[in-house]
Amino acid sequence: MIYKRLISRLDIKNENLVKGICYEGLRVLGDPKSFAQFYYEDKTDELLILDAVASLYKRPALFSLIKEFSSDIFVPITVGGGIRSLSDISSYLKSGADKVAINSFCFEDKGFLESASKEFGSSTIVASISVKKDKQNGNYCCMSDNSRTNTGAILPDWIKHCMNSGVGEILITSIDRDGTQKGFDEDILRFIPRKVNIPIVLSGGISSYSQILTLLRNQDLSGLAIGTSFHNYALNNISTLNSLVNNGSSFQRIQRRTTSLPANISNRLIKDFIHDQLASEKNLLRP
Amino acid sequence: MKISIVDYGTANYLSIYRAIEKIGFTSQITSDPRIITSSDLIILPGVGAFQTAINSLKISGLFNLFQDLQHERYFLGICLGMQLLFETSYENGCCNGLGFLKGDVRSLSELSKSRKLPHIGWSDLILTSSHQPIRISESDKCYQMYFVHSYFCNPDDTSIITAKSNFYDMEYPSAINYENITAFQFHPEKSSINGLELLNCYFNSL
Numbered sequence: 001m002i003y004k005r006l007i008s009r010l011d012i013k014n015e016n017l018v019k020g021i022c023y024e025g026l027r028v029l030g031d032p033k034s035f036a037q038f039y040y041e042d043k044t045d046e047l048l049i050l051d052a053v054a055s056l057y058k059r060p061a062l063f064s065l066i067k068e069f070s071s072d073i074f075v076p077i078t079v080g081g082g083i084r085s086l087s088d089i090s091s092y093l094k095s096g097a098d099k100v101a102i103n104s105f106c107f108e109d110k111g112f113l114e115s116a117s118k119e120f121g122s123s124t125i126v127a128s129i130s131v132k133k134d135k136q137n138g139n140y141c142c143m144s145d146n147s148r149t150n151t152g153a154i155l156p157d158w159i160k161h162c163m164n165s166g167v168g169e170i171l172i173t174s175i176d177r178d179g180t181q182k183g184f185d186e187d188i189l190r191f192i193p194r195k196v197n198i199p200i201v202l203s204g205g206i207s208s209y210s211q212i213l214t215l216l217r218n219q220d221l222s223g224l225a226i227g228t229s230f231h232n233y234a235l236n237n238i239s240t241l242n243s244l245v246n247n248g249s250s251f252q253r254i255q256r257r258t259t260s261l262p263a264n265i266s267n268r269l270i271k272d273f274i275h276d277q278l279a280s281e282k283n284l285l286r287p
Numbered sequence: 288m289k290i291s292i293v294d295y296g297t298a299n300y301l302s303i304y305r306a307i308e309k310i311g312f313t314s315q316i317t318s319d320p321r322i323i324t325s326s327d328l329i330i331l332p333g334v335g336a337f338q339t340a341i342n343s344l345k346i347s348g349l350f351n352l353f354q355d356l357q358h359e360r361y362f363l364g365i366c367l368g369m370q371l372l373f374e375t376s377y378e379n380g381c382c383n384g385l386g387f388l389k390g391d392v393r394s395l396s397e398l399s400k401s402r403k404l405p406h407i408g409w410s411d412l413i414l415t416s417s418h419q420p421i422r423i424s425e426s427d428k429c430y431q432m433y434f435v436h437s438y439f440c441n442p443d444d445t446s447i448i449t450a451k452s453n454f455y456d457m458e459y460p461s462a463i464n465y466e467n468i469t470a471f472q473f474h475p476e477k478s479s480i481n482g483l484e485l486l487n488c489y490f491n492s493l
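Chains as they are written, first to last, in the numbering used here: chain A, 1 to 287; chain B, 288 to 493.
In short, the hints are calculated from the structure, not lab data.
None of these values were measured; they are calculated from a predicted model.
A hint or two may mislead.
Capping the alpha-carbon separation at 30 Å, the derived lysine-lysine pairs in DSS-like fashion look like this [to be verified]: (1) K400(B) - K282(A); (2) K133(A) - K403(B); (3) K403(B) - K132(A); (4) K118(A) - K345(B); (5) K160(A) - K403(B); (6) K451(B) - K282(A); (7) K309(B) - K67(A); (8) K135(A) - K182(A); (9) K118(A) - K451(B); (10) K195(A) - K451(B); (11) K160(A) - K400(B); (12) K389(B) - K118(A).
With beta-carbon atoms standing in for the labels, derived distance ranges [stated by the list, open to error]: (13) G138(A) - N441(B): 43 to 51 Å; (14) N441(B) - H275(A): 31 to 39 Å; (15) N379(B) - E108(A): 24 to 32 Å; (16) G111(A) - S394(B): 22 to 30 Å; (17) S64(A) - M457(B): 41 to 49 Å; (18) D31(A) - D327(B): 33 to 41 Å.
Backbone N, C-alpha and C fix where the C-beta goes; we use that ideal spot for every residue, glycine too.
Please build the complete structure, drawing on both the sequences and the hints.
So this is what it looks like as structure tokens:
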């Protein structure tokens, strides 16, 4: 029995935290370290740091950012974006990353996931799959290069390829829902093969307590990565929370009457909610 | 106190280095036998394959050096580092470890079949009665640490187990302590405030 995970997702462009909608129209939200520090203090389980433009320039560029995180943030960090070689992976690990997420290059070199898993251990390698629904036939197409290129691969075939490559984890992002806060597209779940024997994390559009609960209760899913909804909360609370924690004051709880909230979510509040109000579900997330 | 973090391959050593720094100690990431010999505490960190790590230790001469230092220095094993302390691992066949502790290393799938592996995420620590130096507060509050592994350690002498954790409905050792040797299956450097407090308690107990 282990807890499911809430993962704070940060999309980075150059030195900024950004967020787009369906991977487009990137808007600058602020300084990545402040947000990452906020999420750490807000009891996030992990951080997912994605370079929003790396595969465009075909190089990873977050080394110094990750190094900066490592001096104050002591939860696992997964980093992705533009990883194209074993030495890219090694450089990220030396900078303080625990796991790397790889998407685009896997389509150029179909053996890359396997060699990376052998070299670094399967638990270091996350296969990142970004999917867009084909409205004509209902298939989910795997996209690369920050959702610009249709690779021709579809779910569930590409999930099977990733599994057979020996990776430790799979991250599936709904491009159609990314940044929209319209909820994760649960239709994607029908395209996840029955017996996937490695952890699966979902991302894209998650914005309500009720969907978070539904997805966390699903035995096949291990975690959820949330961007916009966490950023909205952070933007309203960043200076307040950091100063409260530094002063040693306890965080003020806000009682919610319903399970459905505006799209503005705190790691700590949802964990408190699950533990205090849903005692039978308290094993879903660590307190 | 002089602390060495043993570098035996490709992994994130920076986090444990920073965690140690955060709690007010200094350390060196090294594979230099002279630096390691002159250390008081030798940390075996890491994530990755058992065989690869052992091969790396043999090539660098550290495998034999550690045999000489076994009773002369404090050792702290983290995750893969904990597993290396034992006699044998059954990861990808059979491989001999440092042999400091009697017992072997087995797949979590032996505890509970058809479960997702690796075991990635936060899990409760259940302290056993002999739980020094792992107690981090006066209360008996349960606390969570971050795990990422597919194998677990199986000591012959179960009295050295200071904490257990659950893999679904089965328990396995998540922390051990025997004389000068301490080891954690989880990553204290990735376990937020509780992990840092645990490291602090451990270092202050030496």
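Satisfaction of hint between K282(A) and K451(B), Cα-Cα up to 30 Å: 20 Å, holds
Outcome of range test on Cβ distance (G138(A), N441(B); 43 to 51 Å): Holds, at about 48 Å.
Straight-line alpha-carbon gap K309(B) to K67(A), limit 30 Å: Status holds; Cα separation ~14 Å.
Given hint K282(A) paired with K400(B) - CA-CA distance at most 30 Å: 24 Å, holds
Proposed proximity, K451(B) with K195(A) (alpha carbon, max 30 Å): 28 Å, holds
Satisfaction of hint between K132(A) and K403(B), Cα-Cα up to 30 Å: Given that 30 Å is the threshold and the Cα spacing comes to 26 Å, the pair holds.
Restraint status (C-alpha distance of K160(A) to K403(B) at most 30 Å): 15 Å, holds
Verdict for N379(B), E108(A) (Cβ pair) under range 24 to 32 Å: 28 Å, holds
Pairwise beta carbon distance, S64(A) to M457(B), judged against the given window 41 to 49 Å: 43 Å Cβ-Cβ, so the 41 to 49 Å window holds.
Pair hint outcome, K389(B) versus K118(A) [Cα-Cα no greater than 30 Å]: Distance ~28 Å between K389(B) and K118(A) Cα, so the pair holds.
Distance restraint between K118(A) and K345(B), which requires alpha-carbon spacing of 30 Å or less: 20 Å, holds
Hinted pair K118(A) and K451(B), Cα distance within 30 Å: Holds: K118(A) and K451(B) sit about 29 Å apart, inside 30 Å.
Comparing the model with each numbered hint stated earlier shows that all of them hold.
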